[in-house]
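Trainee: Letter by letter, the chains look like this.
Protein chains: 2
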Amino acid sequence: MTQPPDYSTIEKTAGRIKPYIHRTPVMTSKNLNAISGSKVYFKCENLQKAGAFKSRGACNAVFSLMEQDLKKGVCTHSSGNHAAALARAASLRNTKAHIVMPDNSSKVKIEAVKHYGGVITFCSPNLKSREETLKKVIEKTGALEIHPYNDYRIIAGQATAAKELIEDTERLDIIMAPVGGGGLLSGTALSTKHLSPATKVIAAEPAGADDAFRSFYEGRFIPSENPDTIADGLLTSLGSLTYPIITEYVDEIITVKEKSIITAMKLIWERMKIIVEPSSAVPFAAILENKENFRDKTVGIILSGGNVDLGKLLW
Amino acid sequence: MTQPPDYSTIEKTAGRIKPYIHRTPVMTSKNLNAISGSKVYFKCENLQKAGAFKSRGACNAVFSLMEQDLKKGVCTHSSGNHAAALARAASLRNTKAHIVMPDNSSKVKIEAVKHYGGVITFCSPNLKSREETLKKVIEKTGALEIHPYNDYRIIAGQATAAKELIEDTERLDIIMAPVGGGGLLSGTALSTKHLSPATKVIAAEPAGADDAFRSFYEGRFIPSENPDTIADGLLTSLGSLTYPIITEYVDEIITVKEKSIITAMKLIWERMKIIVEPSSAVPFAAILENKENFRDKTVGIILSGGNVDLGKLLW
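Residue numbers (the numbering used here), protein chains in the order written: chain A, 1182 to 1496; chain B, 1182 to 1496.
Isolated chain A (complex conformation) (with noise of 0.2 Å):
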């Protein structure tokens, strides 16, 4: 794909990994539109296959390749949920994933890379030695570079998440997703814009790793420096394929307080009774810091996944 996927492109790519994904359910709870002044519904992405939207691109990418192509496997780096889903595509086409992880990258997303048969090299957690790392696996294997999002194939994936949150709910006034790459967000902003042209798309962003909101802001690309933040999803800089589209078609990037992610974060947990990660909050979060702004408003949240370390707890 050379050109941002237009909706029969998403259209498509919906029939191609539906037999490999959830078709996750989008909830309510009376007791956060109470306390946020406004009309949420949830799409449920941590019940994702893998527990992350993720699994969404990266089946689209794995199953778009020819048999041949997928004969030396494919590789990617990610400290995260990108990286387990695409070991998971990847073991459905009986193929190998190569995965550069952080060596600093948490248990539990290490765990699940391994659970399902992805093999592991371990670099120091900075672009330059995942880059370069990356650089000597695809040299030694001959793998396929799978990016976590700087990629049409994955935008197009990450889209049907958007997609079937606007055909499961009533007219939404507003749609949210939160932003690290901006994979999801450019999807769901192709998918809205289609769908339901008159849906305000707003990211949601720790202020912790604002990158996307200065860049969207001050109209040129800034890429993220030393970010800081517990949305540990949410830590990379745009790519160059999903900066563009989001500078067309996204309409407001609001950045949260790392104390309002925790507080989302543990609503959502107690009143839902769902476990999401950090970077899945951060919209809710932005509803909580911004009431009068969402007030009456009926809004579609993508919760964007569940994988996080039950053996601590955030608050």
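It should be emphasised that the hints constitute simulated quantities derived from the structure, not laboratory data.
Pairwise CB distance ranges, derived in the manner of DEER restraints:
#1 Glu1326(A) - Ala1388(B): 48 to 54 Å
#2 Ala1215(A) - Ser1421(B): 38 to 44 Å
#3 Gly1400(B) - Gly1218(A): 56 to 62 Å
#4 Gly1298(A) - Asp1432(B): 37 to 43 Å
#5 Leu1491(B) - Gly1218(A): 22 to 28 Å
#6 Gly1196(B) - Ala1215(A): 26 to 32 Å
#7 Ala1215(A) - Asn1285(B): 24 to 30 Å
#8 Ser1189(B) - Leu1494(A): 45 to 51 Å
#9 Glu1351(A) - Lys1309(B): 48 to 54 Å
#10 Pro1200(B) - Leu1494(A): 32 to 38 Å
Negatives, chain B to chain A, calculated, CB over 10 Å:
#11 Lys1199
#12 Asn1285
#13 Glu1313
#14 Ile1319
#15 Thr1350
#16 Arg1395
#17 Gly1400
#18 Pro1404
#19 Asp1409
Note that the Cβ used here is the ideal one computed from N, Cα and C, for glycine as well.
With chain A's structure known, arrange chain B on it following the hints.
Mentor: Leaving out everything else, chain B in the frame of chain A:
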């Protein structure tokens, strides 16, 4: 009701409570199937209104009453989920719920009762004080007592969970519920023996609160004495109405260790991304302790509730 509910009563009950409860989802996990060696369908009553199956029985009891019987409100003694469910049901009918709660009840459960407008009277944490305090509340208010489980309307309400589980799954070899007072278990047995007579009904109980196990196998009612378990929903003894139903229709009762309850609970949180309280994890713990007996069986489990103090973890 002076007779155990027959199936037409259970069907009528389902119709009566339908507007006020969720038809909760049934979830499966490849992961947990692999770990347990069986195929498990989890009926998610942790996602039920007020966070537990108790909303079924409480709604049935309260919505069975005529307007004039509700004038002085309803009352009960309960440290847990029945209290919140009854407070909610009463509020739906614009009447008061007077709840006698032991003064060591968990903060989360006290908050839930208050949230639904329940009027709390605290007592000492023993049966004598609970009963005496409730008697005083009744003398003072004239409220109608709705017992947490020893009431056929409650049993008929709880029976609707198994009804839905059986309707929404393939043929089950086994259906499992935890047992405390026996409301859920006796309802489960009544629905199952009608809808799927070949399905075995197996109860699971903490070894530290094994009054149902002993009553069942010794053939005489043995009350709970100093029960000690983290499964705080299962501390109560069977009742005079639930015990005979269980004796007649339940096939087996299995006791489990505390350690297994915690293991099972953590696995459900971790792999299914849903929050269940310890009582909910007791049936899956029974499978984990007895894998050979469940090997390759299709098992339905009722996850009873999700009201747990998120301030501390049990592992």
